[in-house]
Amino acid sequence: MVTAAERVSSHKWGMVVDVDRCTGCQACVMACQAENNIPLSTEDIYRQKRTFAWIRVERYWYGDFPDVKARFIPIMCQHCENAPCEPVCPVFATYHNTEGMNVQIYNRCVGTRYCANGCPYNVRFFNYWEPVWPVSLRNQLNPDVTVRSRGIMEKCSFCVQRIRRGVREAARDGHDLQDGDIGTACTDACPTNALVFGDYNDENSRVSIMAKDDRKYTLLDALNTDPNVLYLAQVDATGGAIGGHD
Amino acid sequence: MQQRRILDEFTVNHELLRGNLATPKWWLPTVLGLLVVVLFGFTLMGIMFNRGLGVTGLSRPVYWGLFITTFVFWVGISHAGIMISAILRLTQAEWRRPVTRAAELLTVFSLLTALFFPLIHAGRPWRIFYWITPYDFARGIFPNARSPLVWDPFAIGTYLTGSTLFLYVALLPDLGVLRDRTTGWKRSFYTVASLGWRGNPRQWRLQTVAGILLSALMLPIFVSVHSIVSWDFAVTPAVEGWHSTVFAPYFVVGAVHSGVSAVVTMMALMRWLWGWDNYIRPEHFDALARLLIVVACAWLALTFAELIFGVYSLEAPERALREMQMFEWPWNLLFIIFFLTGFAIPVPLWFFKRVRNNIAMMFWTSILVNIGMWLERFLIIVPGLSRKQPFVFTWDSYQVSPLEWGLLLWSFAWVMMLMLLFSKFFPLIPLFETKESQVFTTDVQIGRVTMPAVIRELD
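Those protein sequences? They're chains H and B, same order as listed. Start counting the first sequence at 0; every next residue gets the next number (numbering that gives the first Met the number 0). Start counting the second sequence at 0; every next residue gets the next number (numbering that gives the first Met the number 0).
Isolated chain H, as found in the complex (with noise of 0.2 Å):
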């Protein structure tokens, strides 16, 4: 049994995402594509309407032209403090961890997909068909990761399997965990920074000091998900932030 006081775990994860520095490089996408074993969207996949991406980068189009300007916008799981995905799944596959993060658990998904419909940011992905990869890709499968099979939900993780190793060699070397010793796949491909991940319980760590700055927003915040995922607004030449993206 565990007691009250072991569920409080040292550690709340979080990611803080300065969409000012995102470029659109799609980078986070790939590394992303190559960690968790997603299944390839492939032509035939995306003319089904059933591309996977735990992370994607949303493009938008601001201004009229001849004065437009693209606007990019990472999304990925919000591993919200309170996830609408989490109560109607009727299996208890999805649910809240004690380090902040919505995990999903492949074992006990049925597949009713309802929480695909309960999540506002549309980052659940559901595998309609048993997922193949070509000859050449399946030695670059990542073992640390499982491979899911037909019928079940998956979403971005926090790349949970880099969590639990960071913290494991940090126990067997004997020293404290430090800010940065633990990155996703994304944010360790992200070629500007735009993508920061860290542990907010730690009040110098870089996500907690990003926490505090005045461009802080959260997506769709009018429906108080209480996301762990953090935004930092663009700001313009002008010197002005443009809004939140609700």
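Warning: the hint list may mix true and false statements.
Said to hold, decoys possible - Simulated restraints, written as ranges between beta carbons of each label pair:
no.: 1; chain 1: H; residue 1: ALA33; chain 2: B; residue 2: GLN398; range: 25 to 35 Å
no.: 2; chain 1: H; residue 1: GLU168; chain 2: B; residue 2: GLN398; range: 34 to 44 Å
no.: 3; chain 1: H; residue 1: GLU168; chain 2: B; residue 2: THR157; range: 52 to 62 Å
no.: 4; chain 1: B; residue 1: TYR134; chain 2: H; residue 2: THR41; range: 35 to 45 Å
no.: 5; chain 1: H; residue 1: VAL146; chain 2: B; residue 2: THR163; range: 57 to 67 Å
no.: 6; chain 1: H; residue 1: TRP132; chain 2: B; residue 2: TYR134; range: 33 to 43 Å
no.: 7; chain 1: B; residue 1: ALA359; chain 2: H; residue 2: HIS95; range: 56 to 66 Å
no.: 8; chain 1: H; residue 1: ALA33; chain 2: B; residue 2: CYS296; range: 53 to 63 Å
no.: 9; chain 1: B; residue 1: TYR134; chain 2: H; residue 2: PRO142; range: 33 to 43 Å
no.: 10; chain 1: B; residue 1: THR163; chain 2: H; residue 2: ILE104; range: 31 to 41 Å
The hints are simulated quantities; they were obtained by calculation from the structure and are not laboratory data. We put the CB at the ideal spot given by N, CA and C, even for glycine.
Based on the hints, put chain B in the right spot on chain H.
Below, chain B without anything else, positioned relative to chain H:
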């Protein structure tokens, strides 16, 4: 009200057991034809289990489509039974008598059909017991009681149990009649099934009390079942088109609208197939049409309220959703068909006595209502998911696959086949109710006309 023939008990037995003691010529070919469609449907389900839900047209973000629409549709149809047999019984509407059993039967079979859809549409249907059974299977976890998908099996399970009991209790006296008129294995079957019914006063009293008690117990279910089905949608704050407080009453009234219409369709078919003109009379259609006018108007008011609640906020995604639902091809066409068939064509027609008393007209208008009600659910579920939240990047639509249409067809064939199989072994019109109603009816002289007057069953 028409003059009605007073029939002696021999005629009642003879005519109403027509389908049981002898087999009508059309029966076997029809059942075999339906069986082909049913087997075809089960084959489609097999393909779906074998290859995965990819064979449907479902996409991201439209994760629910035709299957859930059809689930809601059949749960809606199932409200026929409870409306006719519980509410009309408690309000002592005398004209309900010949249709009680068929309506209750429609309830049971449409629920059995509705149950299939959420289950086959799960990604891993072989694991659904973790979802629908309140037992932890050594996994250490029970189903999540906060999920409306867990409320559903409870609501529908209760409804199915109640309806089945209700049907059985009302069947007992007729089973006794059948036992006395059959031989061989059929006699043994009816002997066991009639639970020793001899028709003595004590048994009649128990049977009547059980019927009234079951009616009263089922009344809360009348409100709860479709409310809970509506909460599958309404408790989802992420989907603007679903997240509405008016959904529970809106769905319940819509369910009564479609359920009572389905009873009208079925009554017309029964009259046509078995020639029960003496039992299902134009006055019954007249009474049901009057009821339907009231229900349909309440439903229209709630439809309008739902729309107003939605657009009142003037939020961009909500506006986009309504725009898609009503003005974008092909949804605009579906919306027009939905409004015309669900309300605009049938209801004004029902205002005319000639239409209400015309069985063919009632048959076709009631079918129209159910086309409209199916489209209503489709228009709520799919555009709602297609226009979810302001991230236009993920907005997308849904194309129904041929396999899904095939399973929709299967559901109709399945219900009809079960009904026809039932009609072979059990009388579709309750014999004892018909005789009782004859006893309660006496002719009274009003001016120059002799009218049948009805004595109420209580006091």
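Open item on the list: Verify the CB-CB distance for B/TYR134 and H/PRO142 against the hinted window 33 to 43 Å.
Closed with: Check passed, 35 Å falls within 33 to 43 Å.
Open item on the list: Within 31 to 41 Å: is that where the Cβ-Cβ distance between B/THR163 and H/ILE104 falls?
Closed with: 36 Å, holds
Open item on the list: Can you tell me whether the CB distance of H/VAL146 to B/THR163 sits inside 57 to 67 Å?
Closed with: 44 Å, violated
- [ ] Take a look at whether the Cβ-Cβ distance between H/TRP132 and B/TYR134 falls inside 33 to 43 Å.
- [x] The hint (33 to 43 Å, Cβ to Cβ) holds, given that H/TRP132 and B/TYR134 are roughly 38 Å apart.
TODO: Just tell me: holds or violated, for the beta carbon distance of H/GLU168 and B/GLN398 against 34 to 44 Å?
DONE: 49 Å, violated
Open item on the list: Verify the CB-CB distance for H/ALA33 and B/CYS296 against the hinted window 53 to 63 Å.
Closed with: 60 Å, holds
- [ ] Given the range 52 to 62 Å, decide if the beta-carbon distance of H/GLU168 to B/THR157 lies inside it.
- [x] 54 Å, holds
- [ ] Mind checking the hinted window 56 to 66 Å against the Cβ distance between B/ALA359 and H/HIS95?
- [x] 59 Å Cβ-Cβ, so the 56 to 66 Å window holds.
Open item on the list: Tell me if the beta carbons of B/TYR134 and H/THR41 are separated by a distance inside 35 to 45 Å.
Closed with: 41 Å, holds
Open item on the list: Verify the CB-CB distance for H/ALA33 and B/GLN398 against the hinted window 25 to 35 Å.
Closed with: Holds, at about 31 Å.
Hint compliance for this structure: hints 2, 5 are broken, all remaining hints hold.
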